[in-house]
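> One line per chain: the protein sequences are C and S, in this order. With positions in the first sequence counted from 1, the corresponding number in the numbering used here is that position plus 267. With positions in the second sequence counted from 1, the corresponding number in the numbering used here is that position plus 267.
Rather than coming from a laboratory, the hints here were simulated on the basis of the structure. Please read all numbers here as calculations on a predicted model, not as lab measurements. Hints should not be assumed to be uniformly reliable.
Said to hold, decoys possible - Derived DEER-like restraints, expressed as beta-carbon distance ranges: (1) Pro-318/C - Asn-543/S: 47 to 57 Å; (2) Arg-275/S - Pro-318/C: 46 to 56 Å; (3) Gly-402/C - Asp-478/S: 24 to 34 Å; (4) Gly-302/S - Asp-460/C: 11 to 21 Å; (5) Ala-306/C - Asp-423/S: 31 to 41 Å; (6) Gly-342/S - Arg-491/C: 39 to 49 Å; (7) Gly-572/S - Pro-318/C: 27 to 37 Å.
Said to hold, decoys possible - Stretch by stretch, here's where chain S covers chain C in the computed footprint (C-beta under 8 Å, at least three residues): (8) 448–458; (9) 544–554; (10) 580–591.
To be verified - In silico negatives: residues of chain C with every beta carbon more than 10 Å from chain S: (11) Arg-285; (12) Asp-286; (13) Ser-291; (14) Pro-300; (15) Ser-343; (16) Pro-359; (17) Gln-366; (18) Ala-397; (19) Asp-403; (20) Phe-480; (21) Ala-511; (22) His-534; (23) Gly-572; (24) Arg-573.
Ideal Cβ positions, reconstructed from N, Cα and C, are used throughout, including at glycine.
Protein chains: 2
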Amino acid sequence: MVEGRRFRVAGSGAYLPRDTVSASRLDDLTGQPPGTTQARFGVTRRHWACPDETSSVMGAAAARNALDEAGWDPGSLDVILGACGVMEQPIPGTSVLIQRHLGLGDSGIACFDINATCLSFLIALDRVLAGFALGDWQRALIVCADIASAALDFSDPEASVLFGDGAVAFALEAHGPHIRLSHLFRTYGEAADVCRLEAGGTRLRPHEDLDGFLAASRFQMNGREVFRATSRRFPEFLGDLLAASGIAPDDVDVIVPHQASAAALEHLKRSLPDGNARTIDVYADVGNQIATSLAFALHTARATGRLGPGDHALLIGSSAGISLGGAVIRW
Amino acid sequence: MVEGRRFRVAGSGAYLPRDTVSASRLDDLTGQPPGTTQARFGVTRRHWACPDETSSVMGAAAARNALDEAGWDPGSLDVILGACGVMEQPIPGTSVLIQRHLGLGDSGIACFDINATCLSFLIALDRVLAGFALGDWQRALIVCADIASAALDFSDPEASVLFGDGAVAFALEAHGPHIRLSHLFRTYGEAADVCRLEAGGTRLRPHEDLDGFLAASRFQMNGREVFRATSRRFPEFLGDLLAASGIAPDDVDVIVPHQASAAALEHLKRSLPDGNARTIDVYADVGNQIATSLAFALHTARATGRLGPGDHALLIGSSAGISLGGAVIRW
Chain C
268 MVEGRRFRVA GSGAYLPRDT VSASRLDDLT GQPPGTTQAR FGVTRRHWAC
318 PDETSSVMGA AAARNALDEA GWDPGSLDVI LGACGVMEQP IPGTSVLIQR
368 HLGLGDSGIA CFDINATCLS FLIALDRVLA GFALGDWQRA LIVCADIASA
418 ALDFSDPEAS VLFGDGAVAF ALEAHGPHIR LSHLFRTYGE AADVCRLEAG
468 GTRLRPHEDL DGFLAASRFQ MNGREVFRAT SRRFPEFLGD LLAASGIAPD
518 DVDVIVPHQA SAAALEHLKR SLPDGNARTI DVYADVGNQI ATSLAFALHT
568 ARATGRLGPG DHALLIGSSA GISLGGAVIR W
Chain S
268 MVEGRRFRVA GSGAYLPRDT VSASRLDDLT GQPPGTTQAR FGVTRRHWAC
318 PDETSSVMGA AAARNALDEA GWDPGSLDVI LGACGVMEQP IPGTSVLIQR
368 HLGLGDSGIA CFDINATCLS FLIALDRVLA GFALGDWQRA LIVCADIASA
418 ALDFSDPEAS VLFGDGAVAF ALEAHGPHIR LSHLFRTYGE AADVCRLEAG
468 GTRLRPHEDL DGFLAASRFQ MNGREVFRAT SRRFPEFLGD LLAASGIAPD
518 DVDVIVPHQA SAAALEHLKR SLPDGNARTI DVYADVGNQI ATSLAFALHT
568 ARATGRLGPG DHALLIGSSA GISLGGAVIR W
C-alpha cells in the first residue's frame with residue numbers, strides 16, 4: 268500500500284516568448300539543407316526570448332497566470348522556488364528576482380532555487396510536497412524559466428535546434444485531491460561530460476582566459492552518448508518507479524515527459540502501452556525548454572483537459588548529469 | 268512545546284585552498300595604504316583556490332573527510348546536495364561533479380543543488396531534515412564549496428577583501444541526538460541589487476555584448492545598503508527565530524554565524540548576551556566563503572569541541588537577496 272503525498276494544483280501558467288524562429292530559419296543558422304530541421308529533428312518552430320524577456324520576467328508572467336487561476340493574494344504564498352535549468356544570474360537567484368517582479372519585494376516570503384538541470388521541477392515538486400506533508404508550508408509557487416537560446420552552438424544542429432525558451436509556474440497547496448504515489452531520481456555522474464555548459468560558474472574565468480571561457484560558453488552535447496547513457500538505465504528505472512507507485516503500466520493515463528528530443532520522445536512512447544496516444548508531446552512547437560519542459564508538459568496536460576480526477580499521470584525525464592527522474596501522480 | 272526535527276552529524280570535513288594571500292598583499296591589490304586591510308576590515312589572510320582546486324575538487328575533499336569521520340561507505344548515501352553560493356558550471360551541477368569525484372559516478376545516488384546564495388547550507392539542511400522526518404532518506408551529504416576569488420573587483424576593497432575560498436561537507440543521518448528546534452528564512456527581493464554577480468547566467472550573453480558581460484562578471488556590493496537592508500529587519504527576525512525555538516537569548520550556548528564581514532559579526536555579537544564569547548568567528552583567517560561560510564563555522568564549532576550534548580547552537584546569517592536565515596539546534 269502506497270501512502271503518497273497529497274496536494275492540489277490551484278493554478279498553473281505559462282509564458283512563451285513572442286518571437287518565433289521557423290524550422291527553415293534554423294536550417295539556415297545551422298547550415299543544413301532546407302527541410303532538414305523539420306524532417307530530421309521534428310521541429311516546426313522555436314520560441315526565443317528577446318532581451319527584455321529575461322528568465323525572471325518570463326517566470327513572473329507565468330506566475331501571475333498561475334496565481335490568477337488560483338485566485339490567491341500573492342502575499343499569501345509561503346515560499347517561492349525557482350526551478351530553472353540555468354539561473355538568470357549567479358547572485359542573487361532567479362526566485363528572488365521573480366519575487367521582486369511580483370511586487371513581493373518587501374514581503375519576506377522565502378525564496379530559493381533548486382537545480383537538477385532539466386529535472387529541476389521534479390525535485391522542486393518533491394521538496395515542496397515534503398514541506399506540505401510536514402506542515403512547513405501551505406502554499407508554494409514553483410517557477411521554471413529558461414533561455415536555452417542564450418547559449419546555443421549552431422555548428423552542431425543536434426545540440427541546438429532542439430531547444431526553445433519559456434517559463435511555467437505552478438501554484439500549489441497542501442492537502443487536496445492529487446496524490447503523488449511515487450518519486451524516483453537517480454544520478455550517474457560518470458556521464459557528466461556528455462551534456463554540459465561549462466562557462467558561467469567558479470571554474471572558468473573570463474578575466475584570466477577569455478578565449479577558453481568563450482569557447483565553453485555554448486551548450487555541448489554528445490547526443491549518441493546521452494542516448495546510450497540514458498536508455499540503458501531506463502527500463503529498470505521505469506519499472507522501479509511504477510512498482511513504487513503500485514500501478515501497472517496499463518494504468519498510466521497520461522505520460523508527461525521532459526521534451527528532451529523527438530528521438531527521446533519516440534523511445535519513451537514505445538516503452539509504454541499505447542504510448543503514442545497517452546503522451547503529451549509539444550516538442551515540435553515548443554521544444555526542449557530545459558527545466559521548464561516537464562513543467563510545460565504538465566501545464567499543457569491540465570490546460571487541455573487531459574487530466575481528470577483519478578487519472579494517473581506519469582512524469583518522467585532525463586537530464587544532464589545524467590539523471591533519470593520521475594513521479595506518478597493520481598490526479 | 269516545540270517538536271523539532273531529529274538528526275545526527277555523523278561527520279564533517281573542511282578543505283581550505285593551499286595558497287594564502289596576506290593582508291599586506293591585499294593592501295597592494297586594492298591600492299590601499301599598508302595595514303588598511305587588517306585594520307579596517309579585520310583580515311589577517313585569505314585562502315584562494317588555484318586552478319586545480321575547483322569547487323567540486325574542494326567539495327569532494329571535504330566530503331571524504333566527512334565520510335571518513337562517519338565511517339560510512341560512500342555508496343550508502345541516499346542523496347548528495349550541493350549547497351554552493353555559485354555553481355562550478357551551469358550544466359550539470361556541482362553536486363553531480365562531486366559525486367563523480369567521490370567514485371560514485373555509477374551509483375545512481377540522487378544529486379541536486381540548492382541555492383540561496385550565502386544561506387544555501389541552511390536551506391539544504393532544512394530540506395534534508397524534512398526528508399529525514401518523512402523517511403525519504405536515511406543518509407545525506409551536504410557539500411558547500413565556493414571560489415569567491417574567481418570574481419572579485421579589487422577596485423572596491425570593501426567588496427573584495429572580505430572573501431575567501433573553501434569547502435565544507437556534512438554527513439548527516441536521520442534520527443540521532445540533535446534536534447533542530449526552529450528554522451526561519453525570509454527574503455526581501457527589493458534589495459536584490461545591493462549584492463550581486465550578474466554575469467554567468469541566461470541574461471548577459473558574452474557572444475552578443477562582451478564588454479557588458481565582462482563588466483558585470485565581478486561581484487558588486489553596496490556595503491552600506493546591505494547593512495541597512497539587513498540590520499533593520501534583524502531584531503524582529505532574531506526574536507521570531509528564538510521564540511519559535513522556545514529558548515531564551517540567554518540559553519544560546521554557541522552562535523554559529525555566516526561570516527559576512529567583521530562589521531556584521533560585531534553587530535551580531537552585540538545583539539546577544541555574552542555574544543563575543545559565544546560566537547564562532549573565523550573571519551580573520553578564513554573570511555566570507557559565501558555559502559561555505561556558515562557550514563565552516565558549524566564544522567569549526569564541532570571540531571573545536573564547542574558543541575556538547577544539550578548545547579543550543581544558533582545558526583544565523585544574511586545573504587544576497589537579501590535574505591535573513593537562521594536555525595536553533597539542540598545538540
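> Given the hint of 39 to 49 Å, is the C-beta distance from Gly-342/S to Arg-491/C inside that range or not?
Since the Cβ atoms of Gly-342/S and Arg-491/C sit about 29 Å apart, the hinted range of 39 to 49 Å is violated.
> Do Pro-318/C and Asn-543/S keep their Cβ atoms within the hinted range of 47 to 57 Å?
At 50 Å between Cβs, range holds.
> Mind taking a look at whether chain S covers the stretch 580–591 of chain C? Criterion is 3 or more residues with CB to CB distance under 8 Å.
holds (count 5)
> Return holds or violated for the Cβ distance of Ala-306/C and Asp-423/S against the range 31 to 41 Å.
This hint is violated: roughly 54 Å between Cβ atoms.
> Given the range 24 to 34 Å, decide if the beta-carbon distance of Gly-402/C to Asp-478/S lies inside it.
violated (50 Å)
> Against the range 46 to 56 Å, how does the distance between the Cβ atoms of Arg-275/S and Pro-318/C compare: consistent or not?
holds (50 Å)
> If I take the minimum Cβ distance from Asp-403/C to any residue of chain S, is it greater than 10 Å?
The claim is violated: Asp-403/C sits with its nearest Cβ about 7 Å from chain S, within 10 Å.
> Between the beta carbons of Gly-572/S and Pro-318/C, is the distance compatible with 27 to 37 Å?
violated (55 Å)
> Looking only at beta-carbon atoms, does the pair Gly-302/S, Asp-460/C fall within the given range of 11 to 21 Å?
Check failed, 47 Å falls outside 11 to 21 Å.
> Could you let me know if the closest chain S CB is still more than 10 Å away from the CB of Gln-366/C?
Non-interface label fails for Gln-366/C: nearest chain S Cβ at 4 Å, not farther than 10 Å.
> Arg-285/C clear of chain S by more than 10 Å, beta carbon to beta carbon?
Given that every Cβ of chain S is farther than 10 Å from that of Arg-285/C, nearest at about 17 Å, it holds.
> When you look at the beta carbon of Ser-343/C, is every beta carbon of chain S farther off than 10 Å?
Its Cβ never comes within 10 Å of chain S, the nearest being 15 Å, so this holds.
Violated hints, listed in ascending order, are 3, 4, 5, 6, 7, 9, 16, 17, 18, 19, 20; each of the other numbered hints is respected by the structure.
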